[in-house]
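Asks: One-letter residues, chain by chain:
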Amino acid sequence: MSEGAASEGGRGSSTARGTGTPRPRARRWRRLAGPQNRTLWFWAFVGPFTLGLIVFTYVPLGWSVYLSFFDAHNTVSPTDFVGFDNYTSMLKNDAFTDSLWTFVVFTAFIVPTTFVLSLSLALMVNRMRRAQAFLRSVFFLPAACSYVVAALIWKMSIFNGVRFGLANTVLGWFGADQTAWLSTTDPPWYWLVIVTVRLWLQAGFYMILFLAGLQRISPTLYEAAAVDGARPGWQVLRHITLPQLRTTSVAVVLLLVINAFQAFDEFYNLLSDARGYPPYARPPLVYLYYTALGQGQNLGLGSAGAVLLALIIAVVTIGQARWFGLGKKED
Amino acid sequence: MTIDRRTLLASGAALGLLTACGSNTGRGGDGSDGEGPKLSQWYHQYGEAGTEQAVKRYADAYGKADVAVQWRPGNYDEQTAAALLTKSGPDVFEVNGPTLDQIQGGQVLDLTDLLDGVRDDFNPAVLAPKTYDGRIWAIPQVVDMQLLYYRKSLLADAGRTPPKSLGELVDTARALTTKKVKGLFLGNDGGAGALGGTPLYAAGLQLVTDDGKVGFDDPAAARALAHLRDLYEDKSLLLGAPSDWSDPSAFVQGLTAMQWSGLWALPAVKKALGDDFGVAAFPAAGPGGKAAVPVGAYGSAVSARSAHKQAAKDFVKWLWVEKTDYQRDFALSYGFHIPARLSLAKKADALTEGPAADAVRHSTESGFAEPLLWTPASRVAYQDALSRIIKSGANPESELRSVVRKVSAELDRVKKKSS
Amino acid sequence: MYDAWVRVGRALRVALLIALALLFLIPFYLLVRNGLASEQDITSPDWTFFPATLHWSNIRELFEDSTVPMARSLYNSALIAVLTTAGTLLLASLAGYGLARIPYRHADRVFYFILATMMVPAAVTFVPSFVLVSSLGWVSTMRGLIVPTLFSAFACFIFRQYFLGFPRELEDAARVDGLGHWRTYWLVVVPNSRPVFAAVGTIVFIGAWNSFLWPLVIGQDRDAWTVQVALASFTTSQVIRLHELFIAAAVSIVPLLVVFLFFQRWIVAGVERSGIDE
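Protein chains in written order, with the numbering used here: chain A, 521 to 851; chain B, 148 to 566; chain C, 192 to 469.
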């Protein structure tokens with residue numbers, strides 16, 4: 521049956537190539553096309569995508585790597601080869617290493633917080649009999665908002681530093697002074713703003729992932745547990761629900777970490793101004809953006825930093841995947 | 148092949164769709180006179196009503212080329228920097244520069260001959276940063292300046308006069324601060340961005356000396372910057388306003404008694420507050436200091452990748468050198484700027500009375516412009532340090548030492564390139 | 192006793208959920224409140240829950256404002272989002288199916304080659320991408336705004352995971368009927384995979400609608416502005432018009448909320464079956 525389809529395809533392709541083709545060429549063609557034309561079919565399906573990826577991701581990527589070995593101020597076709605100078609000066613640059621620390625702090629905070637919040641939301645929403653769809657929508661809706669819109673609401677309305685900001689108004693009812701949330705470095709209130717905006721935008725999406733995971737758990741497991749005398753609540757959660765959610769949890773953590781690495785939009789929209797960006801809460805992408813795209817346009821140095829960052833991301837992601845036992849061949 | 152004709156047709160149609168919609172936002176669909184080559188001219192987005200219509204009117208009035216104006220929202224410097232790498236960028240564009248690297252990299256054209264005979268009529272302070280190797284790389288459009296706005300009534304209530312020294316500014320700001328109104332607004336970052344090198348000039352120093360050395364390797368610099376920390380620590384500064392220092396809203400809304408802003412804000416302030424405001428320069432810092440106000444100019448430059456270099460230069464010459472009535476209109480009718488031409492500035496009635504006249508006087512007596520050698524990399528290093536001094540209480544001396552080191556390295560780099 | 196505890200627990204849970212739900216709704220409330228207020232209402236030192244008079248005219252003024260092409264940018268965003276979604280779904284699902292279901296010696300290598308791009312932050316390749324696209328003459332064109340964004344490794348990854356778990360019996364039945372890979376895919380696989388297409392489609396649609404940096408730099412002509420770029424034009428000028436900014440933001444999310452509410456049940460079903468989370 522698959523045999524029939526494949527040989528039909530094989531005949532078709534050789535006739536398509538013209539009947540006058542000498543035999544050796546036909547044989548080479550056959551070999552390239554693979555058994556039952558599988559190679560051919562594989563590339564018919566995967567080829568367009570891969571080609572686009574090469575043109576629009578790998579070519580620019582290679583170009584970036586190339587730039588990172590040159591003194592490339594305001595040019596993408598540099599001539600001044602500098603070897604690893606850009607890399608060494610980037611690694612010696614406090615601003616860059618600080619930005620890596622910023623990223624570590626941010627990840628250490630945002631990943632567990634989002635994880636716990638979205639899991640709790642899923643657990644609670646899942647057990648609601650009435651209004652489940654409504655609550656799910658409420659928590660999921662923010663995922664439709666852009667960082668531009670969310671940052672706008674956070675910066676201009678909730679956490680602005682003046683008396684008509686919502687947070688300051690509420691605190692004012694209790695007699696507290698107005699706080700400049702985004703401008704205060706001691707204590708670092710800006711983290712509250714940055715973390716809450718991301719929580720609001722993302723928690724609903726991960727809640728949906730957890731909900732889907734919860735709905736896959738077979739009810740018989742719970743019935744069995746009830747028979748064994750397990751109390752609904754903590755015991756069931758610990759011994760049945762959480763272990764059953766393991767694959768979902770692993771995927772959520774991986775996605776959260778990748779997303780944290782790519783953090784740019786909310787930082788940029790919350791903290792940048794016409795004159796640049798403050799030296800705190802500056803994650804690597806924001807720093808590189810200013811290095812490579814600002815008026816300074818030091819493309820060589822910026823590319824070197826970007827390559828370093830991509831290497832770090834690769835190491836962390838692969839390490840994480842190994843740790844969770846992923847990346848083995850699935851079937 | 149089992150890929151039948153229908154699916155081939157379908158994917159062909161999808162491709163065709165993508166190709167077809169490529170042309171429906173094609174450039175140059177302005178529908179204007181259509182004479183001569185097509186030029187595209189970029190402006191950053193001005194906040195003052197009517198500016199965009201005005202520059203389009205100028206462009207339409209030009210007969211020798213079909214000029215399409217593009218009004219760019221968002222991060223203008225980044226957008227132009229990226230666009231200059233390609234042929235699809237602007238032909239003529241205004242730039243808060245150009246930067247030394249843009250000039251050295253040959254990204255902008257030499258416009259010296261456009262100013263033949265009228266060079267002396269341009270404000271020398273703002274022409275200097277557009278000049279490199281004796282050649283001119285952009286034509287200043289208008290002179291912008293920043294200064295301190297204060298509410299006369301609030302100062303009078305507190306028994307204060309406009310501050311004459313930086314120490315006095317700190318005291319006055321503290322005295323004016325109440326539970327609902329802050330004393331001073333220097334921008335949401337506490338002043339690091341808006342003030343820039345101003346406190347250094349107020350301390351009698353410079354960013355870069357005339358012979359290309361670091362101009363603030365001096366103990367007076369640390370003393371001046373420490374005062375800014377005092378402002379922050381006293382909680383006299385307004386921080387986290389919805390709009391930044393360039394917008395007079397915070398001042399007009401009564402969130403602050405004094406604000407650092409631009410001359411461009413003057414009409415809006417006047418409209419809202421009438422006579423209840425005055426303007427001052429940034430006060431002198433320390434015994435060797437003198438009052439300072441930053442002046443600067445967006446310049447009109449021509450991209451070296453333009454397909455119509457001569458036509459673009461002709462247009463710039465026409466608009467920013469010959470058409471003095473347009474230059475006057477642009478400077479004075481939308482917001483408030485000082486004309487870049489000395490002859491026009493003298494004739495500008497709007498600038499001869501009240502706070503506007505004070506502002507012009509400050510600009511001539513205490514104006515300074517950021518030198519061309521003060522590159523973006525140096526600015527970032529300095530601004531980071533300033534922010535740490537103001538907000539985190541970092542030690543000014545050690546912060547400045549590391550800035551001096553970075554700026555010297557940067558100056559060496561650009562000098563090496565030019566030799 | 193035990194029942195009482197359960198009841199208290201449930202009441203606590205409901206209370207907590209309602210509180211959280213209200214918290215999550217606050218930003219939407221602020222959008223509407225500030226969007227329908229006057230400048231004075233917003234900046235007033237005394238907080239009002241809702242402005243005394245609702246300024247519905249703010250919406251009309253927004254569309255009449257000649258300095259910001261709001262209607263045109265909404266149209267552009269819609270067109271870009273729809274075409275991007277359609278293109279991404281087509282390309283990524285084909286690739287995902289090929290990777291999962293067509294035996295080929297190097298399939299795994301190709302898969303990792305694709306997956307690796309997920310780890311490269313877009314900012315790394317931003318400038319070269321821009322130069323590349325503009326050297327194709329695609330600046331300010333729909334092509335430039337859409338084509339480079341069509342190749343989403345994330346979407347391809349999800350489709351591959353989903354197709355790995357697609358029931359083989361269905362495909363085998365198709366083979367019995369003499370269908371090749373291509374027609375099996377279109378006649379059997381796609382019609383049976385609607386939820387995962389809906390889930391991925393929604394995620395891609397949101398991303399396309401909300402993307403900012405690329406349209407800002409590629410959409411140079413005002414006629415090519417997207418709604419996010421138009422929104423930015425309110426925040427970056429020297430003078431910020433607060434109420435206009437908020438009403439514009441509110442208008443910009445309405446189309447998305449509609450799409451979202453409409454496709455919501457598909458998304459949950461799609462996630463459940465796609466193995467996004469496996």
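A couple of the hints might just be wrong.
Calculated lysine-lysine pairs in the DSS-like style (CA-CA distance at most 25 Å, straight line) [stated by the list, open to error]:
hint, chain 1, residue 1, chain 2, residue 2
1, B, 460, B, 203
2, A, 612, B, 360
3, B, 563, A, 612
4, B, 360, B, 563
5, B, 417, B, 360
6, B, 299, A, 612
7, B, 311, B, 470
8, B, 464, B, 417
9, B, 564, A, 612
10, B, 327, B, 418
11, B, 494, A, 612
12, B, 437, B, 203
13, B, 494, B, 234
14, B, 327, B, 470
15, B, 418, B, 299
Quick caveat, the hints were computed from the structure, so don't treat them as lab data.
Asks: Evaluate each hint against the coordinates.
Replies: Okay, the hints, checked on the actual structure:
no. : hint          : in the structure
1   : B:460 - B:203 : holds (18 Å)
2   : A:612 - B:360 : holds (24 Å)
3   : B:563 - A:612 : holds (22 Å)
4   : B:360 - B:563 : holds (14 Å)
5   : B:417 - B:360 : violated (41 Å)
6   : B:299 - A:612 : violated (50 Å)
7   : B:311 - B:470 : violated (40 Å)
8   : B:464 - B:417 : violated (34 Å)
9   : B:564 - A:612 : holds (23 Å)
10  : B:327 - B:418 : holds (23 Å)
11  : B:494 - A:612 : violated (54 Å)
12  : B:437 - B:203 : violated (41 Å)
13  : B:494 - B:234 : violated (41 Å)
14  : B:327 - B:470 : violated (48 Å)
15  : B:418 - B:299 : holds (15 Å)
Hints 5, 6, 7, 8, 11, 12, 13, 14 from the earlier list are contradicted by this structure; the remaining hints agree with it.
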